[in-house]
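S.K.: Each chain, letter by letter, is given below.
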Amino acid sequence: DVKVTQSSRYLVKRTGEKVFLECVQDMDHENMFWYRQDPGLGLRLIYFSYDVKMKEKGDIPEGYSVSREKKERFSLILESASTNQTSMYLCASGYGQRDWHGYTFGSGTRLTVV
Amino acid sequence: DAKTTQPPSMDCAEGRAANLPCNHSTISGNEYVYWYRQIHSQGPQYIIHGLKNNETNEMASLIITEDRKSSTLILPHATLRDTAVYYCIVHSGGYQKVTFGTGTKLQVIP
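As given, the protein sequences belong to chains G and A, one line each in that order.
Here the first sequence is numbered in the working numbering, starting from 1 and rising by one per residue.
Here the second sequence is numbered in the working numbering, starting from 1 and rising by one per residue.
Keep in mind the hints are simulated off the structure, nothing from the lab.
Heads up, the beta-carbon is just placed ideally off N, CA and C, and yes, glycines get one too.
Please note that the accuracy of each hint is not assured.
Said to hold, decoys possible - Derived CB-CB ranges, DEER-like:
| no. | chain 1 | residue 1 | chain 2 | residue 2 | range |
| --- | --- | --- | --- | --- | --- |
| 1 | A | 53 | G | 73 | 20 to 28 Å |
| 2 | G | 14 | A | 69 | 46 to 54 Å |
| 3 | A | 13 | G | 70 | 43 to 51 Å |
| 4 | A | 67 | G | 59 | 24 to 32 Å |
| 5 | A | 5 | G | 61 | 21 to 29 Å |
| 6 | A | 66 | G | 69 | 45 to 53 Å |
| 7 | A | 10 | G | 27 | 28 to 36 Å |
| 8 | G | 59 | A | 39 | 20 to 28 Å |
Claimed, not checked - Anything over 10 Å on all C-beta distances counts as not near chain A; from chain G, calculated:
| no. | residue |
| --- | --- |
| 9 | 4 |
| 10 | 43 |
| 11 | 44 |
| 12 | 56 |
| 13 | 59 |
| 14 | 82 |
| 15 | 85 |
| 16 | 87 |
| 17 | 104 |
| 18 | 105 |
| 19 | 107 |
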């Protein structure tokens, strides 16, 4: 089975800290995504990447950046964490061509910024 | 991505069929309909997808209307473990961002 692994399940950080959320997939997928999920707002796309060193803004990129130096790893970076970035963060990956089995998600990282 | 519209919540009696509707009136010819579900505190899980024909797998059936403007996910015998949020999305795969909405919260009642 494809695995998408997020480095932390729970994370507590202080306002102003630089935060790294790591995501690793083991199926050689081209596409990787970062979402955040908040009550009543569903999943909102932050950034996605379709190749190494490539990145595209999603619907809510403000306050975030990403890095994809290797195909299997996609990092989400909060340059200066703020309390409104407290959320559940979900990483997903999938093939670049037509993906017959959809995208695979990680278990999520629940980030609290205090 | 084409947008989808789903009811915010639904109830279903345990053992009965759960029919979850989705409208995607602006779907384009090369876009597939995908369904995912998210059980509390977990990441979304792929269920099924289709282009224009009805599809069935071990988890569910997908019925897509002839004009492809709407679809229905059918869980034939709902169990308490099917209580989750169900997302309907459309995309053509490839190098395209995937946008999720707020989904339908299905509550299976004993």
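S.K.: Per the stated criterion, does the least C-beta distance between residue 4 of chain G and chain A lie above 10 Å, as a non-interface residue requires?
M.R.: violated, 8 Å
S.K.: Is the nearest CB of chain A more than 10 Å from the CB of residue 56 of chain G?
M.R.: Non-interface label on residue 56 of chain G violated, nearest chain A Cβ at 7 Å vs cutoff 10 Å.
S.K.: Would the least Cβ to Cβ distance between residue 82 of chain G and chain A come out above 10 Å?
M.R.: Holds: least Cβ distance 24 Å, greater than 10 Å.
S.K.: Does residue 43 of chain G clear chain A by more than 10 Å, comparing its Cβ with all Cβ atoms of that chain?
M.R.: Given that some Cβ of chain A is not farther than 10 Å from that of residue 43 of chain G, nearest at about 4 Å, it is violated.
S.K.: Confirm or reject the claim that residue 10 of chain A and residue 27 of chain G have a C-beta distance inside 28 to 36 Å.
M.R.: For residue 10 of chain A and residue 27 of chain G the Cβ distance comes to about 33 Å; the hint holds.
S.K.: Is residue 87 of chain G truly not at the interface, in the sense that its beta carbon sits beyond 10 Å from all beta carbons of chain A?
M.R.: holds, 14 Å
S.K.: Over 10 Å from every CB of chain A: does residue 105 of chain G meet that, or does the non-interface label fail?
M.R.: violated, 3 Å
S.K.: Determine whether the non-interface label on residue 104 of chain G survives the test: each CB of chain A must be over 10 Å from its CB.
M.R.: Per Cβ check, residue 104 of chain G is inside 10 Å of chain A; nearest 7 Å; violated.
S.K.: Between residue 66 of chain A and residue 69 of chain G, is the Cβ distance one that fits in 45 to 53 Å?
M.R.: holds, 47 Å
S.K.: Just to be sure I understand the hint, the distance between the Cβ atoms of residue 59 of chain G and residue 39 of chain A should be within 20 to 28 Å; is that true here?
M.R.: 24 Å Cβ-Cβ, so the 20 to 28 Å window holds.
S.K.: Please test the hint of 46 to 54 Å on the beta carbon pair from residue 14 of chain G and residue 69 of chain A.
M.R.: holds, 49 Å
S.K.: Confirm or reject the statement that residue 59 of chain G sits farther than 10 Å, beta carbon to beta carbon, from all of chain A.
M.R.: violated, 7 Å
Violated hints for the displayed structure, listed by number in ascending order: 1, 9, 10, 11, 12, 13, 17, 18, 19.
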